[in-house]
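S.K.: Here is how the chains run, residue by residue.
Number of protein chains: 2
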Amino acid sequence: MIRISIDAMGGDFGPEVSLEGVAIALLRQPDIQFIIYGQEDVCQPILAKYPKLKDRIVFHHCDVAIRMDEKPSQALRRGRYASSMWRAIEAVKLDEADVAVSAGNTGALMAMSKFCLRTMANVERPAIAGIWPTTRGESIVLDIGATIGADSQQLLDFSLMGGAMARALFEVRRPTVGLLNVGVEEIKGQEEVKEAGRLLREANLDTIDYHGFVEGDDIGRGTVDVVVTEGFTGNIALKAAEGTARQISDFLKAAIKRSLMAKIGYLLAKSAFDILREKMDPRKVNGGVFLGLNGIVIKSHGGTDGEGYAAAIKVGYDMVRNGLLQKIDADLRKYHTLRVPPSDPQDENVNGML
Amino acid sequence: MIRISIDAMGGDFGPEVSLEGVAIALLRQPDIQFIIYGQEDVCQPILAKYPKLKDRIVFHHCDVAIRMDEKPSQALRRGRYASSMWRAIEAVKLDEADVAVSAGNTGALMAMSKFCLRTMANVERPAIAGIWPTTRGESIVLDIGATIGADSQQLLDFSLMGGAMARALFEVRRPTVGLLNVGVEEIKGQEEVKEAGRLLREANLDTIDYHGFVEGDDIGRGTVDVVVTEGFTGNIALKAAEGTARQISDFLKAAIKRSLMAKIGYLLAKSAFDILREKMDPRKVNGGVFLGLNGIVIKSHGGTDGEGYAAAIKVGYDMVRNGLLQKIDADLRKYHTLRVPPSDPQDENVNGML
Numbered sequence: 001m002i003r004i005s006i007d008a009m010g011g012d013f014g015p016e017v018s019l020e021g022v023a024i025a026l027l028r029q030p031d032i033q034f035i036i037y038g039q040e041d042v043c044q045p046i047l048a049k050y051p052k053l054k055d056r057i058v059f060h061h062c063d064v065a066i067r068m069d070e071k072p073s074q075a076l077r078r079g080r081y082a083s084s085m086w087r088a089i090e091a092v093k094l095d096e097a098d099v100a101v102s103a104g105n106t107g108a109l110m111a112m113s114k115f116c117l118r119t120m121a122n123v124e125r126p127a128i129a130g131i132w133p134t135t136r137g138e139s140i141v142l143d144i145g146a147t148i149g150a151d152s153q154q155l156l157d158f159s160l161m162g163g164a165m166a167r168a169l170f171e172v173r174r175p176t177v178g179l180l181n182v183g184v185e186e187i188k189g190q191e192e193v194k195e196a197g198r199l200l201r202e203a204n205l206d207t208i209d210y211h212g213f214v215e216g217d218d219i220g221r222g223t224v225d226v227v228v229t230e231g232f233t234g235n236i237a238l239k240a241a242e243g244t245a246r247q248i249s250d251f252l253k254a255a256i257k258r259s260l261m262a263k264i265g266y267l268l269a270k271s272a273f274d275i276l277r278e279k280m281d282p283r284k285v286n287g288g289v290f291l292g293l294n295g296i297v298i299k300s301h302g303g304t305d306g307e308g309y310a311a312a313i314k315v316g317y318d319m320v321r322n323g324l325l326q327k328i329d330a331d332l333r334k335y336h337t338l339r340v341p342p343s344d345p346q347d348e349n350v351n352g353m354l
Numbered sequence: 001m002i003r004i005s006i007d008a009m010g011g012d013f014g015p016e017v018s019l020e021g022v023a024i025a026l027l028r029q030p031d032i033q034f035i036i037y038g039q040e041d042v043c044q045p046i047l048a049k050y051p052k053l054k055d056r057i058v059f060h061h062c063d064v065a066i067r068m069d070e071k072p073s074q075a076l077r078r079g080r081y082a083s084s085m086w087r088a089i090e091a092v093k094l095d096e097a098d099v100a101v102s103a104g105n106t107g108a109l110m111a112m113s114k115f116c117l118r119t120m121a122n123v124e125r126p127a128i129a130g131i132w133p134t135t136r137g138e139s140i141v142l143d144i145g146a147t148i149g150a151d152s153q154q155l156l157d158f159s160l161m162g163g164a165m166a167r168a169l170f171e172v173r174r175p176t177v178g179l180l181n182v183g184v185e186e187i188k189g190q191e192e193v194k195e196a197g198r199l200l201r202e203a204n205l206d207t208i209d210y211h212g213f214v215e216g217d218d219i220g221r222g223t224v225d226v227v228v229t230e231g232f233t234g235n236i237a238l239k240a241a242e243g244t245a246r247q248i249s250d251f252l253k254a255a256i257k258r259s260l261m262a263k264i265g266y267l268l269a270k271s272a273f274d275i276l277r278e279k280m281d282p283r284k285v286n287g288g289v290f291l292g293l294n295g296i297v298i299k300s301h302g303g304t305d306g307e308g309y310a311a312a313i314k315v316g317y318d319m320v321r322n323g324l325l326q327k328i329d330a331d332l333r334k335y336h337t338l339r340v341p342p343s344d345p346q347d348e349n350v351n352g353m354l
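Top line first, the protein sequences correspond to chains L and A. In terms of my numbering, the first sequence opens at residue 1 and continues consecutively. In terms of my numbering, the second sequence opens at residue 1 and continues consecutively.
Since the hints were made in silico from the structure, they are not lab data. One should not assume that every hint holds.
[Claimed, not checked] With a cut-off of at most 25 angstroms between alpha-carbon atoms, the simulated SDA-like pairs for lysine to any residue come out as follows:
#, chain 1, residue 1, chain 2, residue 2
1, A, Lys257, L, Leu267
2, L, Lys257, A, Met261
3, L, Lys71, A, Lys194
4, L, Lys279, A, Leu267
5, L, Lys279, L, Gly137
6, L, Lys284, A, Gly183
7, L, Lys257, A, Ile275
8, A, Lys270, L, Ala254
9, L, Lys71, A, Glu215
[Said to hold, decoys possible] For the chain L half of the interface with chain A, some residues (derived, Cβ under 8 angstroms), not all of them:
#, residue
10, Thr233
11, Gln247
12, Phe251
13, Ile256
14, Arg258
15, Met261
16, Ala269
17, Gly323
18, Gln326
Built from N, CA and C at the ideal position, the CB exists for glycine as well.
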């Protein structure tokens with residue numbers, strides 16, 4: 001059994017979508033046990049629509065629901081201990097759940113996750129990893145928005161964590177990892193990125209295969225299994241790509257509507273469009289994974305539907321089944337053990353300065 | 001007459017493409033006078049293919065051609081004064097040309113342009129501005145890769161320069177300008193971006209309409225006329241979007257090939273696909289504009305064809321016709337005059353510290 005806690009109140013549509021997602025997920029992954037946190041009066045009428053859920057879920061009432069526009073600090077003050085978001089995360093901490101899923105606002109969810117679960121030993125900062133559809137399949141991109149900026153050591157941590165996630169998700173033994181950079185020679189990129197590249201080359205790890213620098217168009221090409229960057233650039237790259245996909249789809253729809261011939265052509269070529277839609281469906285790759293905390297939290301897109309929410313649940317399910325947390329912990333421990341002999345306190349200081 | 005100097009040797013295909021681009025441009029803009037710099041033995045056989053060019057161009061032989069993989073510093077050492085790239089830029093400096101066009105390597109072209117033309121008064125750093133196809137039409141994005149990082153004052157300069165370019169290109173009186181940022185509340189973005197936002201709000205300029213922060217997906221949506229960011233993020237966002245467009249096109253092609261029905265459908269809907277291709281054609285928006293130098297230099301994509309090269313020439317042509325340089329100069333002068341009374345040397349110091 002995989003135990004998943006759900007913040008039913010998160011997202012633009014609240015329990016309407018999250019509980020539908022739970023229902024879909026249960027049909028597909030019958031070995032999930034759900035613990036659901038939400039406001040009783042809102043959730044119960046919706047749960048009544050899914051009678052089959054009854055025996056498979058445990059429901060806990062929470063007074064507080066975090067709003068989508070709430071600032072992280074405010075959410076933390078108002079929602080700690082009491083909100084559905086907090087309680088879903090806390091279930092992971094108390095080992096009542098293996099993973100928590102929420103479509104609530106990212107800033108609040110990250111603030112609460114950090115506060116409740118704490119950052120893992122050997123990790124300076126958590127990151128959010130996203131799954132990006134590519135020409136070759138799927139890649140992992142991190143950080144897509146947990147923090148602004150990252151130094152070379154943090155980029156190295158991200159590389160290790162992303163590598164562990166790739167092993168858990170793609171069943172590849174030694175995933176390739178690239179550092180996102182610009183293609184201009186000589187001034188090639190930020191100092192931190194260059195330094196992280198040097199550290200990764202020197203570390204010569206057996207858990208990941210360091211590929212070198214990659215550029216923005218390498219992400220969609222699937223040049224590497226894991227693309228590492230700091231949260232500002234990662235977030236903007238992700239949204240720029242999403243925007244482009246939406247834009248092309250809008251252009252195509254408008255162009256097809258213009259003539260009867262094009263409409264008929266569209267119907268005949270529908271199988272092709274269905275494949276395209278399937279490949280680029282943002283719902284299928286829904287689910288940002290918070291990495292680097294003592295527990296797994298999955299952020300579902302706030303505006304998704306039940307199908308997208310079920311995909312986010314599936315990401316959490318896979319992460320638990322494939323021992324993501326244990327993999328990250330082992331990889332980081334290995335790297336840091338190799339790097340700093342724990343018996344030498346002076347080296348520890350050097351480590352702290354990095 | 002608009003005078004355009006051409007570095008014929010730049011680009012993956014050299015004069016084969018650049019001279020075809022010149023021939024196409026001359027058919028469309030008969031009021032251009034070209035000054036072409038290149039290696040005689042390579043260029044003359046190609047020029048012979050376009051007999052109509054003969055009276056409309058002046059050709060200068062140059063011994064040195066800058067390679068696509070040459071480091072900026074090396075290119076500068078080897079190619080200063082002697083290379084086709086240098087001489088095309090120098091023609092602008094000597095007022096023999098109004099704008100220079102090259103498909104040569106970006107780093108070398110920027111290094112030479114800075115060295116030869118020098119940065120404008122009131123500008124700390126040049127930027128490269130790109131034209132981005134959007135749902136609403138076109139937007140300007142800068143910096144797409146001139147330098148890594150930018151402080152708040154530089155982001156403000158970029159805003160003014162991008163605004164001037166939008167007025168020159170889109171014929172809009174007071175273009176909207178947005179600062180690229182991430183959507184997470186509270187930790188909202190880099191300090192420099194927040195500070196630049198404050199400066200732009202306070203400046204309350206009549207040449208641009210400051211919109212506020214925009215996110216990655218706002219670029220393709222066309223939320224603002226001008227999107228401002230530093231070169232690392234701008235370059236990666238641009239390439240991530242280009243990669244996504246290519247990826248979708250690959251998916252669609254593969255899907256259409258799969259069934260006869262889809263192929264027939266494609267042929268019937270061809271008009272729609274042609275519109276899409278036209279809208280998203282990277283050649284049509286080819287041409288990065290170097291802003292902030294005492295002269296205009298246009299960077300054509302290295303891998304483009306004659307049609308794309310002609311589009312880059314057209315961008316330069318439009319910039320000159322619409323007085324881009326004068327507009328930038330006037331806007332910057334106005335802003336800096338308002339900000340720093342030139343009579344007060346103490347304020348100048350404060351200015352220098354910003």
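S.K.: Would you mind marking each hint as holding or not holding in the structure?
M.R.: Hints versus structure:
1. A/Lys257 <-> L/Leu267: At roughly 16 angstroms apart (the allowed maximum being 25 angstroms), L/Leu267 and A/Lys257 satisfy the hint.
2. L/Lys257 <-> A/Met261: holds (20 angstroms)
3. L/Lys71 <-> A/Lys194: OK: L/Lys71 and A/Lys194 at ~17 angstroms, within 25 angstroms.
4. L/Lys279 <-> A/Leu267: holds (22 angstroms)
5. L/Lys279 <-> L/Gly137: Status holds; Cα separation ~9 angstroms.
6. L/Lys284 <-> A/Gly183: Judged against 25 angstroms, a Cα distance of about 22 angstroms means the pair holds.
7. L/Lys257 <-> A/Ile275: holds (12 angstroms)
8. A/Lys270 <-> L/Ala254: holds (13 angstroms)
9. L/Lys71 <-> A/Glu215: Judged against 25 angstroms, a Cα distance of about 18 angstroms means the pair holds.
10. Thr233: holds (5 angstroms)
11. Gln247: holds (4 angstroms)
12. Phe251: holds (5 angstroms)
13. Ile256: holds (5 angstroms)
14. Arg258: holds (7 angstroms)
15. Met261: holds (5 angstroms)
16. Ala269: Cβ of L/Ala269 sits 3 angstroms from chain A, so the hint holds.
17. Gly323: violated (30 angstroms)
18. Gln326: At about 29 angstroms, which exceeds the 8 angstroms cut-off, the nearest Cβ of chain A leaves the hint on L/Gln326 violated.
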